[in-house]
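All chains should be built: construct the whole structure from the sequences, respecting the hints.
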Amino acid sequence: MTSVNDKGVSAGGLEFEDQDLLRSIEDSGVGFRVVSTLLCLVILTAWVIFGRQILRGLGVTGLNQPVAWGFYIVNFVFFIGISHAGTLISAILRLSQAEWRRPITRMAEVITVVVLAIGAFHPVLDLGRPDRALNIFTAGRLQSPLLWDVSSISAYFMASTVYLYIPMIPDIALLRDRGVRPRWLYQFLAWGWQGTPRQQAVLERAVGILMVLVIPIAISVHTVISYIFAMTLQPGWHSTIFGPYFVVGAIFSGIAALMMVMIVLRRIFHLERYLKQVHFDYLSRLLLIMSLLWFYFTFSEYLTAFFGNEPSEMRVFYYKVTGPYAPFFWSMVVANFLIPAILLSFRRTRTIPGIFIASTSVVIGMWLERLNIVVPSLANPRLALPTGYYIPSLVEWVMFAGGIATFMLGFVIFARFFPLISVWEIQEGRKLSIAETTERLEGYLPDPVPSAATPPMTEGG
Amino acid sequence: MTRWGMVIDLDRCTGCGSCMAACHQENNLAAVGPEESSRDRAFHWLRVLPEVSGSGAEVKVRYVPQPCVQCDDPPCVRVCPVHATYLGEEGIVAQIYSRCIGCRYCMAACPYNAKVFNWYEPEWPGDLKQGTNPDVSLRPKGVVEKCTFCHHRVVKAREEARAAGREIRDGDVTPACAESCPARAIEFGDLEDPTSRVSELTRSPRAFRLHADLGTRPKVYYLAERD
Chain Z
1 MTSVNDKGVS
11 AGGLEFEDQD
21 LLRSIEDSGV
31 GFRVVSTLLC
41 LVILTAWVIF
51 GRQILRGLGV
61 TGLNQPVAWG
71 FYIVNFVFFI
81 GISHAGTLIS
91 AILRLSQAEW
101 RRPITRMAEV
111 ITVVVLAIGA
121 FHPVLDLGRP
131 DRALNIFTAG
141 RLQSPLLWDV
151 SSISAYFMAS
161 TVYLYIPMIP
171 DIALLRDRGV
181 RPRWLYQFLA
191 WGWQGTPRQQ
201 AVLERAVGIL
211 MVLVIPIAIS
221 VHTVISYIFA
231 MTLQPGWHST
241 IFGPYFVVGA
251 IFSGIAALMM
261 VMIVLRRIFH
271 LERYLKQVHF
281 DYLSRLLLIM
291 SLLWFYFTFS
301 EYLTAFFGNE
311 PSEMRVFYYK
321 VTGPYAPFFW
331 SMVVANFLIP
341 AILLSFRRTR
351 TIPGIFIAST
361 SVVIGMWLER
371 LNIVVPSLAN
381 PRLALPTGYY
391 IPSLVEWVMF
401 AGGIATFMLG
411 FVIFARFFPL
421 ISVWEIQEGR
431 KLSIAETTER
441 LEGYLPDPVP
451 SAATPPMTEG
461 G
Chain L
1 MTRWGMVIDL
11 DRCTGCGSCM
21 AACHQENNLA
31 AVGPEESSRD
41 RAFHWLRVLP
51 EVSGSGAEVK
61 VRYVPQPCVQ
71 CDDPPCVRVC
81 PVHATYLGEE
91 GIVAQIYSRC
101 IGCRYCMAAC
111 PYNAKVFNWY
121 EPEWPGDLKQ
131 GTNPDVSLRP
141 KGVVEKCTFC
151 HHRVVKAREE
161 ARAAGREIRD
171 GDVTPACAES
181 CPARAIEFGD
191 LEDPTSRVSE
201 LTRSPRAFRL
211 HADLGTRPKV
221 YYLAERD
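Top to bottom, those sequences are chains Z and L.
Mapping to the working numbering: the first sequence position 45 is 45, numbers consecutive.
Mapping to the working numbering: the second sequence position 207 is 207, numbers consecutive.
No lab work stands behind these hints, which were simulated from the structure alone.
Hints are supplied without guarantee of correctness; some may be wrong.
To be verified - Computed footprint of chain L on chain Z, listed as stretches where at least three residues anywhere in the stretch have a Cβ under 8 Å from a Cβ of chain L:
(1) 138-149
(2) 385-394
Said to hold, decoys possible - The following residues of chain L were derived to be distant from chain Z, with all beta-carbon distances above 12 Å:
(3) W124
(4) D127
(5) E167
Predicted, not measured: the structure shown is a model, and the values here were computed from it.
By construction, the Cβ of each residue, glycine as well, lies at the ideal position given by its N, Cα and C atoms.
This is the structure in structure tokens:
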């Protein structure tokens, strides 16, 4: 008689090969408590600082009269961009039946949900009157791009949360059946999953609908965020390619963040058996393509501004290219294009450390890109006003750290209670995907030549 | 219908800045102090901007007083998420301080940088608070504010006209900036009325508007300086 708790043996008595995936849940060590306490301290500090900002006013930031938007808006765009890692990539990989997606999708979806919540809170940090934030609902003007954002982001948050949760149900049921504590949590979240064929059919159908639904919503989110800028008349913002430019940048930074997370978690939780070189290889090809695409968009955007030679556009252009923002502008080009393009193009540097460096560089580069978009346009007014400057205050840095700590805490808590890699999808892959892929591959091959040896099918007699 | 407008003669403007001072006094603008001013948080509804052109021995300076230009198609109104800024019936772009959430989208969208933000709770050092104008509401921290064309004076003038049993006439309303200008560079009146002083001046060949090419249809006209 094997008990359900007997590790290494599943309830059915078969060999359970995926013990590694549940280790973080079933024997969480001191590490979890130490790390989460530290992160909570950082987050608490950020909340205290935010409280002080509410009491004293936005004057505690480095914002000023021409540069009325700074770190908060930069980080808003940046975090929401990262959130495209997940759901979108996972949906595209599922939709295109990429078999190598199986160990990746769950982590990607977690990034989306956690980062989206952080990003969506940033505009509230930026409000002069956060106590009136609900005016958005009671007195909202749908004509304002900010309202488009509110609608689009809340839709994306709903969709991606459901899209994370639904494929998690069989794993939660597995934890329930193994008697993992807290039992009530898994009992409640498993929703009575027994793995019957009907339940499986419903699950597959739900995932199928969600993955199609989530793609247009994800694309709308970053398009609409770019519209906040593009819908104004300001030089450097009023551009028709901003929508797709932001979407490309979002997916780009999303893939990079995903690979960073994968490499770090693989190290911490010893997931080398699951996250193999091949997964990173494929993802880094995607990253390389996005890097080239990003460069193409950036080149088009700046060349158009330069060639048009409109005075107010040129003021912003030179501010970025040779002026005070030149260090940020050129490090953005290096971090987003040169470093990833070089490191990921050659097999010799496309190793795990190489990919980690490239991904980190892209995440930093995309943050710089957001900074380069938000601040220079505001610092260079159309009228003959003096050029503005912006130096973020310590308050804004602390809030930034708080955002990153929240991201990490989200992952730590998730890893403590749920498997970071979808167990049932891995098992399904082992059981079914070789047969399925073979069948699919055979479907791609040309039909055999109809030979005289086999008599042709007769129809109708 | 009245459409309030302003004409500023750049030939007459001496750049003395009395309009700015009068505006501060009239509209209860907070005293920001030198420290905050040096951090680019100086607070004006109207600013006098020196524009330098030419170089070497041919340097020319002109002073351009800039209130909110009161667009007929205001970019700030288009982007506001909560109806906190709107185009009034008589063409004045107004701000509702009690509704504004302080997102500063209107400031980012305004091509004239006409709006200002209360970074801290507004302060009046010493007994300056006793000198505030009772006709103009004080603003709380965290909201955006802007030039109102001295809307309270418009209201007052209309009531006086009604009490006297007549229509409001050209010259009944003078905003604080126009009133204080020693060179009489600023005229204010109804642009719809073809006989008003401002209407006449806008037909001058010297008349131009700031960034009229943006399609915002500003109602502040300037008269270019003669050589």
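Tested hints:
Interface restraint, the region 138-149 of chain Z with chain L: holds (8 residues with C-beta to C-beta distance below 8 Å; minimum three). Chain L is given as covering the region 385-394 of chain Z, and this holds because 3 residues of the stretch bring a CB closer than 8 Å to a CB of that chain, at least three being needed. Under the 12 Å C-beta cut-off, the non-interface status given to W124 of chain L relative to chain Z holds; the minimum distance is some 16 Å. Every C-beta of chain Z lies more than 12 Å from that of D127 of chain L, the closest at about 23 Å, which supports listing it as non-interface.
Every CB of chain Z lies more than 12 Å from the CB of E167 of chain L, the least distance being 35 Å, so the non-interface label holds.
No hint from the list above goes unmet by this structure.
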